[in-house]
Each structure stands twice: as C-alpha cells, then as structure tokens.
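Number of protein chains: 2
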Amino acid sequence: MADSPDRSDSDPDEEIMRATYRALREHGYADLTVKRIADEYGKSTAAIHYHYDTKDNLLAAFLDYVLGRFKDSVHEVETTDPEQRLELLLDQLLVELEDHRDLLIAMLEMRSQAPYKETFSERFQQNDEYVRYLLETVIAQGIEAGAFAEVDPDHVARALMTIVDGARTREVVLEGDALATARQTADEYVTAVLLEDEP
Amino acid sequence: MADSPDRSDSDPDEEIMRATYRALREHGYADLTVKRIADEYGKSTAAIHYHYDTKDNLLAAFLDYVLGRFKDSVHEVETTDPEQRLELLLDQLLVELEDHRDLLIAMLEMRSQAPYKETFSERFQQNDEYVRYLLETVIAQGIEAGAFAEVDPDHVARALMTIVDGARTREVVLEGDALATARQTADEYVTAVLLEDEP
Numbered sequence: 001m002a003d004s005p006d007r008s009d010s011d012p013d014e015e016i017m018r019a020t021y022r023a024l025r026e027h028g029y030a031d032l033t034v035k036r037i038a039d040e041y042g043k044s045t046a047a048i049h050y051h052y053d054t055k056d057n058l059l060a061a062f063l064d065y066v067l068g069r070f071k072d073s074v075h076e077v078e079t080t081d082p083e084q085r086l087e088l089l090l091d092q093l094l095v096e097l098e099d100h101r102d103l104l105i106a107m108l109e110m111r112s113q114a115p116y117k118e119t120f121s122e123r124f125q126q127n128d129e130y131v132r133y134l135l136e137t138v139i140a141q142g143i144e145a146g147a148f149a150e151v152d153p154d155h156v157a158r159a160l161m162t163i164v165d166g167a168r169t170r171e172v173v174l175e176g177d178a179l180a181t182a183r184q185t186a187d188e189y190v191t192a193v194l195l196e197d198e199p
Numbered sequence: 001m002a003d004s005p006d007r008s009d010s011d012p013d014e015e016i017m018r019a020t021y022r023a024l025r026e027h028g029y030a031d032l033t034v035k036r037i038a039d040e041y042g043k044s045t046a047a048i049h050y051h052y053d054t055k056d057n058l059l060a061a062f063l064d065y066v067l068g069r070f071k072d073s074v075h076e077v078e079t080t081d082p083e084q085r086l087e088l089l090l091d092q093l094l095v096e097l098e099d100h101r102d103l104l105i106a107m108l109e110m111r112s113q114a115p116y117k118e119t120f121s122e123r124f125q126q127n128d129e130y131v132r133y134l135l136e137t138v139i140a141q142g143i144e145a146g147a148f149a150e151v152d153p154d155h156v157a158r159a160l161m162t163i164v165d166g167a168r169t170r171e172v173v174l175e176g177d178a179l180a181t182a183r184q185t186a187d188e189y190v191t192a193v194l195l196e197d198e199p
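Line by line, the protein sequences give chains A and B.
UniProt numbering puts the first residue of the first sequence at 1, with every later residue one more than the last.
UniProt numbering puts the first residue of the second sequence at 1, with every later residue one more than the last.
All the pointers check out, no bait thrown in.
The list makes no distinction among identical chains, and a pair is therefore deemed to hold if it is satisfied within one copy or across any two copies.
Calculated cross-link-like contacts (lysine-lysine; reagent style DSS-like; alpha-carbon spacing at most 27 Å):
#	residue 1	residue 2
1	Lys43	Lys55
2	Lys117	Lys55
3	Lys71	Lys117
4	Lys35	Lys117
5	Lys71	Lys55
Note that these hints are calculated values from the structure, not bench results.
Please model the complete structure; the sequences and the hints are all you need to start from.
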C-alpha cells in the first residue's frame with residue numbers, strides 16, 4: 001500500500017482513509033483517537049463524525065478500504081499461468097508487506113479485538129474468504145490445466161493462509177525475517193503438494 | 001493447561017498465576033485489571049501488589065508461568081524416536097490448544113502489544129526460541145539417525161512455528177477449524193521436507 005497514491009483529493013472518504021492510515025501507523029490501534037485522525041486529516045473531529053459516527057465504524061470502513069486496495073493490486077496480476085499467478089499472489093500476500101511493519105502492527109491489534117468487535121470480525125472473515133477464493137481459483141485452474149496435482153483447493157488455500165497469517169503475526173511479535181521465512185515455506189509447500197507429480 | 005491442577009495452594013505466586021489465568025480467560029487482556037485478578041485470588045489488590053508492583057510485571061510473570069507449564073508438558077513427551085517425537089511436539093503446539101480458545105484470545109492481545117511493551121516482547125522471543133530449540137533438536141536427531149532428509153533444522157523449525165502461529169491467530173480471528181487445518185498442513189510439510197527420501 002503506497003503512502004500517497006495519486007488520486008483525486010476531492011473525495012473526503014478517501015482522504016479520511018489516508019489520514020486513518022497515517023494515524024494508525026504513527027500511534028497504533030490502542031492509542032488511536034478520532035482527534036488524532038482529524039489532525040492527520042487537517043480538519044476538526046466534527047468533520048470526521050459527519051462521515052463516520054463512531055471510531056469503530058470508521059475503522060470498519062478502513063478495513064474495507066484496505067481490502068479494496070488489496071483487490072486493486074491483485075487485479076494488476078495479469079498473468080493467467082496458474083503456477084506463475086500463484087507465485088505472484090503469494091508475493092503480494094507476503095513480500096509486499098516488508099515495508100509496512102507499522103501497518104501489520106496496527107492490523108494485529110485490530111485482529112486481536114475481533115472476538116470482542118463484530119464489525120472487525122466480519123471484515124477479517126470477509127477478507128480471508130476473498131483471498132482464499134483467489135487462491136482456490138488459481139489452484140483449481142492449475143488442476144484443470146494439468147499443472148497441479150489433484151488436491152483439495154479449499155484445504156491448500158487454508159494451508160497457505162495459515163502460513164501467511166503466521167508470518168504476519170511473527171513479523172510483529174518477534175525479531176527476524178518472518179516474511180522471508182514464510183515465503184520460502186509457502187514455496188516448499190506448493191512444490192510438495194501441488195507440483196509433486198511434476199518432473 | 002488444566003484449570004485446577006492439584007498443586008499445593010500454599011504458594012502465593014502459583015495461586016496468583018492461576019487467578020490471573022482465570023481473570024484473563026473471563027475478561028480478556030484489554031479489560032484486565034489488578035482488581036479483577038485480586039477478586040479471582042480472593043484477596044485485596046494490596047496482596048497482589050505485595051508480590052508484583054505493576055500489572056505489566058504480573059503479566060510478564062504470567063508469560064513465564066505459561067512457558068513453564070509448557071516446558072513441564074514437553075518433559076512428559078518421553079519417546080526418543082525422532083519422527084514420533086516431532087509429531088507429539090506438534091500435537092502439543094496445536095491440538096492441545098483446542099480447549100483453550102479463551103487463553104489464545106488473551107495471548108493474541110498480549111502478542112499484539114509486544115511492539116509497545118519490552119517485557120512482553122522479551123518473553124515471546126524467549127518462548128519462541130525455546131520451542132524452536134526443541135524442534136531443531138529433534139530434527140537434528142532425525143537427520144543424524146538417517147530418518148530425516150538433510151535439511152536446515154533452523155529453517156524447518158521456523159517454518160513449523162510459522163504454521164503454529166498462523167493457526168493460533170486464525171483460531172482467534174476467524175471462524176472454522178484453524179488448528180486442525182494447521183495440524184494437517186504441518187504433517188504435509190514434514191512429510192514433504194523431512195521424509196522426502198523415505199519409501
């Protein structure tokens with residue numbers, strides 16, 4: 001996710017989302033206030049509340065926004081070769097996050113609140129379903145094309161998301177190269193499970 | 001981790017740790033107060049503060065306690081056959097948690113605070129190093145015995161912990177069978193990477 005994409009600044013929702021992103025990166029979720037988002041937005045808290053009545057609603061919209069940005073970036077993956085497409089998806093899920101540790105920190109804080117906040121829980125569930133749908137689709141296409149072994153696409157998508165979510169948690173909680181380790185692990189898993197009959 | 005192990009009730013530290021565990025299960029990390037721990041302990045907050053000067057110090061001690069309990073349970077794994085021992089370790093890291101979703105929720109909340117709290121960060125780092133050491137040791141023994149392929153034990157241990165941490169996060173954030181999916185994923189990974197030369 002780029003800091004300052006060249007988009008029209010006339011859309012208040014887009015501007016508020018970008019202000020929320022900057023405030024989350026700077027303060028983290030626990031110390032996030034509408035005041036701090038308003039400061040990043042350059043307007044009053046009333047200007048924020050005009051669009052979003054509570055902080056939780058704003059953050060729910062932010063999670064939708066993050067998913068939307070992710071969807072946009074996925075649409076840029078133009079290759080239709082299943083093996084290559086799967087690699088590029090895994091790159092986007094893991095490698096692209098290397099410069100966004102502060103966003104990963106804020107997202108993990110929000111994820112940890114999912115059991116208490118239905119609005120968060122729904123979004124994380126939807127995001128996960130969407131990404132698994134992308135993975136399942138490319139896996140099913142690879143099986144169809146004879147490029148992948150005849151696996152259960154649902155299980156393999158869940159397995160890959162387990163590796164992705166493990167990396168995202170470890171990148172926040174522990175020192176070290178969690179994303180690179182996970183990228184290698186995902187490759188080993190794909191090679192073993194999907195390409196097992198390949199030469 | 002059992003709720004009420006049959007231990008001596010005369011050790012105040014042990015009693016406070018068990019009270020902390022119950023308070024965390026009931027209220028979660030964000031709503032945890034020393035008062036609520038004291039209520040579980042059946043004594044005043046002063047009685048807690050006599051042993052732990054701050055809530056964070058108490059929680060740091062709690063993380064040490066959880067690791068201690070985990071170490072105790074690992075010592076019960078008596079088999080020395082590398083393949084079997086690795087399976088049992090993975091069971092303890094994944095399957096044993098199925099009845100402890102409320103503990104997983106509280107732990108994920110604490111993990112998400114690691115970037116802000118050095119005392120938490122240090123403990124999670126130590127826990128991870130300890131578990132990886134156990135995994136590395138059994139992998140190295142398996143290689144030595146000719147039961148496992150000649151892999152890098154450090155990488156394989158990190159890969160397995162990525163799967164474990166992914167499952168723990170997904171179990172909290174998402175619906176579904178995250179621990180069972182991860183257990184199967186870990187098995188597939190072990191079979192592919194460690195047992196690749198086996199018949």
